[in-house]
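Asker: Sequence:
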Amino acid sequence: MLRYIVALAAATRTHSHVEVGASPRTELDLVQMSRARAMLLGRDFVIPEDVKALAVPAVAHRISLRPEMWVRRITGAHVVDELLHRLPVPRASG
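In this text, residue positions in the sequence shown follow full-length UniProt numbering: the first is 1, and each later residue adds one.
Quick caveat, the hints were computed from the structure, so don't treat them as lab data.
Keep in mind that a hint or two might mislead.
What the hints assert, rightly or not - Here are the simulated distance ranges between beta carbons: (1) L28 <-> H85: 32 to 40 Å; (2) W70 <-> R35: 14 to 22 Å; (3) E68 <-> F45: 19 to 27 Å; (4) V20 <-> E49: 39 to 47 Å; (5) R43 <-> A77: 22 to 30 Å; (6) G42 <-> S16: 35 to 43 Å.
From the three backbone atoms N, C-alpha and C, an ideal C-beta is built for every residue, glycine too.
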């Protein structure tokens with residue numbers, strides 16, 4: 001899951017709508033939130049659904065969009081959601 005989270009943050013840094021992408025601190029916070037969600041759901045491991053459920057609320061407000069995106073009514077949530085659909089989801093190992 002760590003690679004998935006790093007890939008998501010890296011994708012925000014190269015997205016054409018984004019001026020400033022997610023920071024490494026955002027990645028660390030998303031890891032911690034995903035672990036907490038897994039624990040609250042009775043698991044001692046994180047699955048892709050944990051990351052997906054938290055990515056928009058955890059990342060969208062931490063990226064800065066290009067000014068013209070506001071005119072087009074594109075939000076950080078739109079960008080993160082698009083990236084979640086575009087990035088390959090990790091498969092379970094074992």
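Asker: Measuring from beta carbon to beta carbon, are L28 and H85 in 32 to 40 Å?
Answerer: Since the Cβ atoms of L28 and H85 sit about 24 Å apart, the hinted range of 32 to 40 Å is violated.
Asker: Using the C-beta atoms of E68 and F45, is the stated range 19 to 27 Å upheld?
Answerer: 41 Å, violated
Asker: Holds or violated: 14 to 22 Å for the Cβ distance of W70 and R35?
Answerer: Violated, at about 34 Å.
Asker: Does 35 to 43 Å hold as the CB distance between G42 and S16, or does it fail?
Answerer: Holds, at about 40 Å.
Asker: Starting from the range 39 to 47 Å, see whether the pair V20 and E49 falls in it by beta-carbon distance.
Answerer: This hint is violated: roughly 28 Å between Cβ atoms.
Asker: Indicate whether the distance between the beta carbons of R43 and A77 respects the range 22 to 30 Å.
Answerer: 26 Å, holds
Of the numbered hints stated above, those contradicted by the structure are hints 1, 2, 3, 4, listed in ascending order.
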